[in-house]
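Below are the chains, spelled out letter by letter.
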Amino acid sequence: MMIPFGHALAFAAALFILGLTCVLARRQIIMILIGVEIMLNAASLVFIAASAYWQQADGQVFVILLMAITAAEVAVALAMVVYLWRRKKTMIADQFNGMRG
Amino acid sequence: MSVNDLLALTPILILVLGGTALLMVCAWYRAPRPLLAGGVTVALMAALAAGLVPPPATEISGLFSATSYARFFTILWSLLAAAGIMISARYVIDWRLGAGEYVSLVLYAAAGMALLSSATHLLGLFLALETFTLAFYILIACNRRCEFAAEAGLKYLLTGAVATGFMAFGIALIYASSGSLHLPEALTSLTTATGALQAWGFLGWGMFLVAIGFKISLAPFHLWTADVYQGAPAPVSGLLATGSKGAVVAALVGVIAVAGPVWHDLQDLLWFMAVITMLAGAFGAFTQQNLKRLLAYSSVVHMGTLLVGLICQSAEGNVATVFYLVAYVITSFGAFAVIASLADERGEPMHFDQWRGLGYRHPIRCAVLSLFLLSLAGLPATAGFMAKLVIFQAALHSGFTGLVLVGIFASLISFAFYLRVILVLYQSQNETSSWHPGSAMEHAVLTVCASAVLLLGLFPGILLDLISLILT
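From first to last, the protein sequence lines are chains A and B. Counted the way our numbering counts, the first sequence spans residues 17 to 117. Counted the way our numbering counts, the second sequence spans residues 2 to 473.
In case anyone wonders, no lab produced these hints; they're calculated from the structure. Warning: the hint list may mix true and false statements.
[Said to hold, decoys possible] Residues from chain B that keep clear of chain A, each with C-beta distances beyond 12 Å, as calculated: (1) Thr-21; (2) Pro-55; (3) Glu-131; (4) Thr-132; (5) Leu-174; (6) Ile-175; (7) Pro-262; (8) Arg-347.
[Unchecked claim] Pair ranges (Cβ atoms, derived): (9) B/Pro-364 <-> A/Arg-116: 25 to 35 Å; (10) B/Ala-28 <-> A/Val-97: 22 to 32 Å; (11) B/Glu-148 <-> A/Gln-76: 40 to 50 Å.
Nothing here was measured: the structure is a model prediction, and the numbers come from that model. Using N, Cα and C, we set each Cβ at its ideal position, and we do this for glycine too.
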């Protein structure tokens with residue numbers, strides 16, 4: 017049985033909001049990055065659902081490329097996390113407040 | 002992908018393959034000077050290829066256009082990359098930044114910017130945007146000597162990642178509502194879609210604009226700008242302020258060209274964003290004591306003004322936007338290049354205390370910096386003045402009097418804070434220390450930027466004619 021398009025969109029929207037909440041509420045850099053991943057996965061879900069709804073492969077192609085981009089971004093982000101840890105021995109985003117106007 | 006597509010992509014391929022080749026070479030051969038020279042050569046070759054090789058197709062795989070508009074920006078960003086590498090040379094050598102990696106990242110960023118300026122498909126737009134964003138994540142944080150580089154990198158990474166999330170979800174919703182990722186169809190179906198689908202579509206475009214707002218630092222998404230520009234090396238800040246924002250604006254010009262009546266529905270939102278961006282930038286800059294932060298807020302004001310040109314959605318507005326963009330890119334990059342040319346083993350002169358009286362120590366470069374600041378402020382006989390004139394004229398013709406008044410008000414405030422920097426430069430002769438005399442390449446870049454600013458200010462007709470030619 018086909019899942020209705022609206023349900024898929026609503027689920028993805030909920031996932032996106034959860035991810036955004038995680039980004040805004042958590043102060044640990046790793047948790048913020050996980051929140052971003054959840055936001056991106058919500059986008060992937062919409063693409064897959066829309067791809068099925070419109071009977072096209074475009075959305076699925078986008079998802080594959082989105083996965084590649086996400087992987088690249090995570091690689092850079094985790095390298096940055098290691099680099100930041102070495103410098104300041106903290107993972108809390110608010111501790112990085114050395115610059116003032 | 003046919004042979005014609007590959008031929009049309011030649012300049013981008015030169016940038017990407019050249020960057021990759023340099024990256025491979027630097028695994029075994031780490032002398033910085035030849036690698037830097039190689040990077041400049043690759044960027045100039047790409048500019049040359051974009052200018053000389055006529056594209057056999059007008060659209061590449063339905064993702065990117067290969068029109069003269071796309072070529073114009075490919076040339077501009079390639080030249081910018083070349084200039085960026087030239088003014089980074091001393092940073093790379095003195096601070097041991099890893100020449101091969103640095104150069105190839107700048108070239109990848111230029112390729113991303115060139116692709117973004119020519120995107121006709123949401124997938125192409127997204128990929129191009131991510132290409133240079135990923136390169137900039139690393140470039141910003143690459144200087145291990147600077148205490149704030151890592152912090153700046155983190156701030157750009159987090160805002161960039163959130164913007165990516167919004168962009169991806171926005172595009173997903175646009176696709177869900179329209180069934181197409183190709184920009185013209187995706188935009189027109191917004192008017193034809195019905196009910197819930199149309200609502201999702203508008204939500205998608207709204208989120209898309211939020212992501213764009215993060216990227217070109219429109220208020221209220223501009224708060225990262227000053228910190229990132231302060232922490233990044235000056236050449237990278239220069240590229241970030243000009244290329245990465247300019248490419249997004251160039252892509253937006255392409256979007257509104259095909260947007261049609263949909264743009265009217267977004268106009269009120271953009272009107273509001275333009276007003277608060279110009280005011281937030283102008284008032285934010287007022288209290289700054291650091292030249293790099295001041296230039297960051299100045300870029301916020303300029304992005305707001307560029308939005309005025311985009312809102313017009315007329316041929317005149319588009320020409321004015323592109324002209325303003327070119328003038329801003331040259332001027333702002335020049336200002337960062339002056340900072341880069343003064344940097345020595347102590348770092349860069351940033352705080353106003355370090356700039357006080359520097360006009361007597363380094364008279365020529367401080368005069369050039371003053372010229373750039375006056376151009377950013379929009380004083381007559383400079384590029385900035387003509388740019389402001391054409392953009393406000395276009396807005397008046399489209400009936401946005403209120404927006405023009407806010408723009409002029411913001412320009413007046415901006416004038417005060419640019420003037421403050423110039424006053425600091427020519428205060429009290431004594432007590433300042435000298436900075437680096439600057440290398441020949443840095444002087445060359447500054448000469449080119451300064452003459453371009455004067456040339457565009459005195460003879461704007463040349464570029465205006467060219468732009469109206471490539472936009473039609």
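Results for each hint:
| no. | hint | result |
| --- | --- | --- |
| 1 | Thr-21 | holds (15 Å) |
| 2 | Pro-55 | holds (30 Å) |
| 3 | Glu-131 | violated (5 Å) |
| 4 | Thr-132 | violated (9 Å) |
| 5 | Leu-174 | violated (6 Å) |
| 6 | Ile-175 | violated (9 Å) |
| 7 | Pro-262 | holds (23 Å) |
| 8 | Arg-347 | holds (18 Å) |
| 9 | B/Pro-364 <-> A/Arg-116: 25 to 35 Å | holds (32 Å) |
| 10 | B/Ala-28 <-> A/Val-97: 22 to 32 Å | holds (25 Å) |
| 11 | B/Glu-148 <-> A/Gln-76: 40 to 50 Å | holds (45 Å) |
Violation of the numbered hints given earlier is confined to hints 3, 4, 5 and 6; the remaining hints are satisfied by the structure.
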